[in-house]
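Residue numbers (our numbering), protein chains in the order written: chain P, 1 to 368; chain H, 1 to 273.
None of these hints come from the bench; they were simulated from the model.
Yeah, the Cβ is synthetic: ideal placement off N, Cα and C, and Gly gets one too.
Hints may contain errors.
Unchecked claim - Computed footprint of chain H on chain P; a stretch qualifies when at least three of its residues, placed anywhere within it, have a C-beta under 8 Å from a C-beta of chain H:
#	stretch
1	4-15
2	196-205
3	211-219
To be verified - Restraint-style ranges between C-beta atoms, simulated for each label pair:
#	chain 1	residue 1	chain 2	residue 2	range
4	P	71	H	118	57 to 67 Å
5	H	118	P	283	32 to 42 Å
6	P	361	H	146	35 to 45 Å
7	P	243	H	181	47 to 57 Å
8	H	181	P	229	46 to 56 Å
9	P	312	H	50	49 to 59 Å
10	H	255	P	280	53 to 63 Å
11	P	254	H	155	45 to 55 Å
12	P	46	H	118	31 to 41 Å
13	P	255	H	118	39 to 49 Å
14	H	118	P	313	41 to 51 Å
15	P	365	H	253	36 to 46 Å
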Amino acid sequence: MSSFGYLFIKEAKQFFGNPFMPVVLVLLPVLLMLLVPLAANMEVRDVSLSIVDLDRSSLSARLSDRISRSGYFVLKSVEDTYGKAMDQLSRGNVDIILEIPAGTERAVSRGESVEIFIAANAVNSTKGMMGGGYLSSIVSDFSSEMAASGGNPASVPLRITPQYRFNPHLEYKLFMVPALMIVVIILVGGFFPTMSIVTEKENGTIEQMNVSPVRKRDFILSKVIFYGILGVFAFTLSYLIAHFVYGLAPHGGLLEIYVSAMIFLVFMGGFGLIISNYSDTLLQSVFLMLFFVLIFMLMSGIFTPVSSMETWSQYFTYILPTRYFVNILRSVCLKGSTFADLAFDYIMLSVFAVVINIIAVVTYRKQN
Amino acid sequence: MMGNGGDILYRMTHGGRHRDLHEHLVRDPRNVIEVDHLTKKFGDFTAVDDITFDVRKGEIFGFLGANGAGKTTAMKMLTGLSFPTSGTGQVAGYNIWTQSEMIKKRIGYMSQKFALYGDLTVYDNMQLFAGIYGVPRAEADARICNLLERLSLVQEKDSKVGDLPQGWKQKLAFSVSIIHKPEIVFLDEPTGGVDPAARRQFWELIYEAVDEGITAFVTTHYMDEAEYCNRISMMVDGRIGAFDSPAALKKRYGAGSIAEVFDILARGAKRGE
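Please put together the full structure from these sequences, using the hints given.
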């Protein structure tokens, strides 16, 4: 067996001999994938609604019924004045007020237009905006149906039917889940080898390696490959959860996903090595790693779309490998893109992986 | 040489190795280490200042000095852990500037700090180090068995190294450092922090290794241990203050023990402990 073989076995024995690490390896992807998408959800449901029904007609009753059946709203109260409803809103009991003015039914039956008033509490801007949007679309649906059934084709307004491609229900979960799979790789493929090397520095065992004929290539590879395999395992675990729990990746090819995950793992391994080359203590390395990982995660479109960033930071994302990886994952999972479609992203990701590993090997010194 | 228990006892009581009538009992007069004007600077600080010495094959060479005298720094240059600022040297016939990887195959090193994998078992550590030095599998197994018996660690074979008592850890670390039968073993303060009985046992291990033909290069600040060496060099403030056999040094300085010689030399030292 070569030195590499002995070192690889050593890594495995150290890792699996530790009572804590194998548990972390399994719990990390499982908890992250199961808890976070359920908790961190941008979808708006259960918006508390107050209807000020000044019309008190069968039409207003049907509209109220229609709204409460939509599933997005909880009808909290029906008030008879706007003032009372506003009072509820300012106390935080309701999020949105819908006012149906008196004489609505009559006006509709005469084919006149009616102004329906919506007031939303925008302290939680997402909830206010999305709730307002849902409500107005229900109302306009309703009014166009009314017009159609009233046998007055001339008054049927132009209808816009948006079709959301690739994520038809605009589920934030489907946006979020690939991002979490990346977080899993960053943690297992980046943090684990870094901590393992710096621990060897702290314990002085790396010095014992440095006076031995072990080639630095073998020493580094034993860690990168071992933790790379663990990374693939953790990624697979999170992929299975994504698939069976969230129904992700009905379109994508597995090969596309795994090739990109491997390239990214190689990148993270090399990146972790550079960090460990420049830090002497565990504390130092964890903080350095955290600093870069936060930038990787928050500025590359993992959680917020690149297209909604400031222009300068949109350019900045080109130097973050996570940008390419998240793009590949989302495109493959949601759109079913192939290697050919994503050639640019694959090439850029590979360039990052190669360059960072060259830097890692060059900056690791056995002798100084 | 005899290499039996009686010989060891003789050395323990009489100081140093059993010597021939001629001053230097060296089986092979060839030098395994030659150091020529070696200097190491860290910024303005000169840790090792222009040292020149040689180590003969098969001897126990004591590298003495107070804490901070530059012993470890000098040793790191010889073991290929760091480059000198100037000067040159040869270890096992290879240049320390250009052939450090060749040197590393032929030396063993026991660090001042315990540096085996504490989270691996005794057996795993032995197997790992035999493996990375390229000892063939069957041969390694035989040597491991032998070592476990000699160190009375057979029972502890599957214990984690981190859980062993300090004295055992040091004996184990030494045995692992010579598991590949190197030409030279470098021992950096190997007996720090252990009781006198354990220290004596440790020196018996060194003698056994030397009897097998390994040259021992030992740093220490226990002056009584210096008496066990064939030749010693005393470092003071990065320079070599004295360099000879213990007997010759005592004679030259009119001292009763090496500790006295050291006191005389250290009086002029500027770097405190």
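Establish whether the coverage given for the stretch 4-15 of chain P by chain H is satisfied; the threshold is a Cβ-Cβ distance below 8 Å, and no fewer than three residues must meet it. This one holds; 7 residues, not fewer than the three required, reach chain H with a Cβ under 8 Å.
With 39 to 49 Å as the target window, see if residue 255 of chain P and residue 118 of chain H comply at their CB atoms. holds, 42 Å
Take the stretch 196-205 of chain P, compare each residue's beta carbon with every beta carbon of chain H, and decide whether three or more fall closer than 8 Å. holds (count 3)
Please test the hint of 35 to 45 Å on the beta carbon pair from residue 361 of chain P and residue 146 of chain H. Since residue 361 of chain P and residue 146 of chain H have Cβ atoms about 38 Å apart, the given range 35 to 45 Å holds.
Can you let me know if the beta-carbon spacing of residue 243 of chain P and residue 181 of chain H is within 47 to 57 Å? holds, 55 Å
Does the Cβ distance between residue 46 of chain P and residue 118 of chain H fall inside 31 to 41 Å? violated, 54 Å
Kindly confirm whether 32 to 42 Å is satisfied by the beta carbon distance between residue 118 of chain H and residue 283 of chain P. Given a distance of about 20 Å, which is not inside 32 to 42 Å, the answer is violated.
Cβ distance range 53 to 63 Å for residue 255 of chain H and residue 280 of chain P, holds or violated: violated, 42 Å
Assessment of proposed distance window 45 to 55 Å (beta carbons of residue 254 of chain P, residue 155 of chain H): holds, 50 Å
A range of 46 to 56 Å was offered for this pair. Does it hold for the Cβ distance of residue 181 of chain H and residue 229 of chain P? violated, 34 Å
Determine whether the Cβ-Cβ distance between residue 118 of chain H and residue 313 of chain P falls within the hinted range of 41 to 51 Å. Between residue 118 of chain H and residue 313 of chain P, where Cβ atoms are some 45 Å apart, the hint holds.
Examine the stretch 211-219 of chain P: at least three residues should have C-beta closer than 8 Å to a C-beta of chain H. holds (count 4)
In this structure, the hints that do not hold are numbers 5, 8, 10 and 12, in rising order.
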